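Here are the chains, one letter per residue:
Protein chains: 2
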Amino acid sequence: MIDYKKESLKLHLKSKGKIEVVSKVPLNNKDDLSLAYTPGVAEPCVHIAKDSEDAYKYTSKGNMVAVVSDGSAVLGLGNIGALASLPVMEGKALLFKEFANVDAFPIVLDTQNPDEIIEIVKAISPTFGGINLEDIEAPKCVYIERRLKEELNIPVFHDDQHGTAIVLAAALINATRLTKRRIEDLEVVLAGTGAAGNSIARMLKKLGVKHVFAFNKSGVLSHDKYNEYNFLDQELLDLNIISEPSNTEKTSLEKLIVKKDVFIGVSAKGILSKEMVRTMHKDPFIFAMANPDPEITYEDAVDAGAFIIGTGRSDYPNQINNVLAFPGIFRGALDSRAKNITEEMKLSAAKAIAHIITDDELSRDYIIPSAFNKEVVKRVSREIINHVKGVK
Amino acid sequence: MIDYKKESLKLHLKSKGKIEVVSKVPLNNKDDLSLAYTPGVAEPCVHIAKDSEDAYKYTSKGNMVAVVSDGSAVLGLGNIGALASLPVMEGKALLFKEFANVDAFPIVLDTQNPDEIIEIVKAISPTFGGINLEDIEAPKCVYIERRLKEELNIPVFHDDQHGTAIVLAAALINATRLTKRRIEDLEVVLAGTGAAGNSIARMLKKLGVKHVFAFNKSGVLSHDKYNEYNFLDQELLDLNIISEPSNTEKTSLEKLIVKKDVFIGVSAKGILSKEMVRTMHKDPFIFAMANPDPEITYEDAVDAGAFIIGTGRSDYPNQINNVLAFPGIFRGALDSRAKNITEEMKLSAAKAIAHIITDDELSRDYIIPSAFNKEVVKRVSREIINHVKGVK
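In the order they appear, the protein sequences are chains A and B.
Sequential numbering from 1 applies to the first sequence in this note's numbering.
Sequential numbering from 1001 applies to the second sequence in this note's numbering.
Don't read these hints as lab results, they were simulated from the structure.
All figures in this text were calculated on a predicted structure; none of them were measured in a lab.
It is possible that part of the hints are untrue.
Below, simulated DSS-like cross-link-like pairs (lysine-lysine); rule was C-alpha separation at most 30 angstroms, straight line [as the list claims (entries may be wrong)]:
1) K1010(B) <-> K57(A)
2) K1206(B) <-> K1180(B)
3) K24(A) <-> K1378(B)
Next up, chain A with everything else stripped away, as it sits in the complex (with noise of 0.2 angstroms):
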């Protein structure tokens, strides 16, 4: 077992962080000069002048994502600030080069005020062809995306959000493809209901999930206590699929978890139990996503009967891993010129990424594809290009 501490830290330290800019086109002397700058580069600018769209022509802008944290929400480190959020926002980059050839540049802002953020990204989006937004904390992650989303002609999309429930749907389809059950019959609790739970609730709704029950820090979430809630807890309410129990108030997650067929957690290391897993209906499905230790081992959910069992751990099978959906989001949102990235983009996204493995090939351990699968960024690409084209 690799010590991932230790030899990340060499890594960093060899390399002095992970990316570099470089140029795609020659420059070996004073001819390639004068037409990569001087006096060459006056002119794709002044047709750039006439028009904005000869930008994407020639400029790297229809290639180019800003990773943009504020670093308060930083995989389970919390609000670290945006300097120490960097070495994830240089990870992110590689990663949408890697998986996808799309180029991305971190932008770790130093401001945690929303308003702040927006103005800013909006300030800076010329460079950029499209606008990830990374480890920023809930709620306010979700109205940064929205007035981004209304304010700029470029795809805006907040990862936490909306990666880890595209993985997830495509792990849920693929759990009720392999034991022939109906989504709509489903009894799911929800645990967690912050930016990424939110976005859960919705794909769930689109996948036609009827029994939500969501419960977080405060308890049930409850219809009895709208006004008490945030905007979030308020909208996910909104939804009109959140059941809850006759008894809100005594309900801990031990009571509300019997009978129920399904666990999605993005909560908190450890809440669940051995003990509530066995009372579930019999062969549960359990996504216990809480980063980087789920809401129950995965030794311990096999051990009390589940029977998919999905973390967010790659030394585990099935791994809900954002990297799946994100790369050919951005890739196909690029390539198609997309303005948004919509609720019916992200269905179309989870059931492509479902869909690579095939009947045969299904199995309690295999309902995820791997990150390394180079078909799930053709797939999720053409989806969202179909979308665009107006062929969906």
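Using the hints provided, position chain B relative to the given structure of chain A.
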């Protein structure tokens, strides 16, 4: 002769812009991912959160420069806006990489408000080890640079001001070396008192020049009109190197230039005639740096008896080319973690550039080394490093 316009457009179209963002670390399998991204990446984050200095060890910050523009004064094209300036800023990024192995990334801003620009650059600064301001109009560019120098702890450099000044200073040093004239004795006409003119005047003072006659669109710069000027012209007068003729009101450039030794133009096409050059002292130095068309053509200056002629053009001898300065300046500043690029550093850089040419090599047509001479970056960066180390 290459058709620069046509060929440049073709080049930009073919490659869809000029920069890409690539990985410095291997990404071939799950283990690579686990080190460059989760879970391993948490470790450098934790270190940086504890000690911000560690960002220079574990991220690309220490070798990354932002090339920032609002597109308000681009080449000879004027205020074409952020998006249309992007090809220039991408080109600049290439020069940084090619000449000094500095990673640079274009940030073009959809605002031309100086205070907003300052706030945005401050907010995005955690990603960067240095800020290169570019093609921002005067006098606001000077205000922006000064405030950023005060408020950021990374080096900030406005190339249009200082790059030209440094290389011009090198050219002037070598013109006097070649002709065995004393720099203190030269009477200089400076045409153009914007951002570059202002920085040039500071360098002239540092070089020991005693008599500078300044001329701009409004005529001869005069102490009598101090209160009518913007802060840049006022500061120029405050330098105490500005001489003026007895009757400034009635003095045209034609009258001003009579019996002067040097013409330095950062102004406009064609304002200097052959007749004017003929009225200067014998064997004058003409630095006609208006871009792309100089104050007087090389041919006309030769014809009128100029002894040394420098322009901004690559197709004539003695190109006063910023690329001789900024790559080495930033290479040295990044390597030595300079907090500021000081006036002393700029002067040392100018001298270093000048003395790359030996006494034996010096000639009328070779007072400036080639942009492709690899010694330039080495020597300039060494000067900066020596200043920071306190050797100078």
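Q.
Hint check: K1010(B) vs K57(A), CA-CA at most 30 angstroms. Holds or violated?
A. Satisfied, since the Cα-Cα distance of roughly 10 angstroms is no more than 30 angstroms.
(Q) Against the 30 angstroms threshold, does the CA-CA distance of K1206(B) and K1180(B) hold or violate the hint? (A) With Cα atoms ~19 angstroms apart, K1206(B) and K1180(B) stay inside 30 angstroms; holds.
Q. Does the structure keep K24(A) and K1378(B) at a Cα separation of 30 angstroms or less?
A. 25 angstroms, holds
Violated hints are absent here; each numbered hint is respected by the structure.
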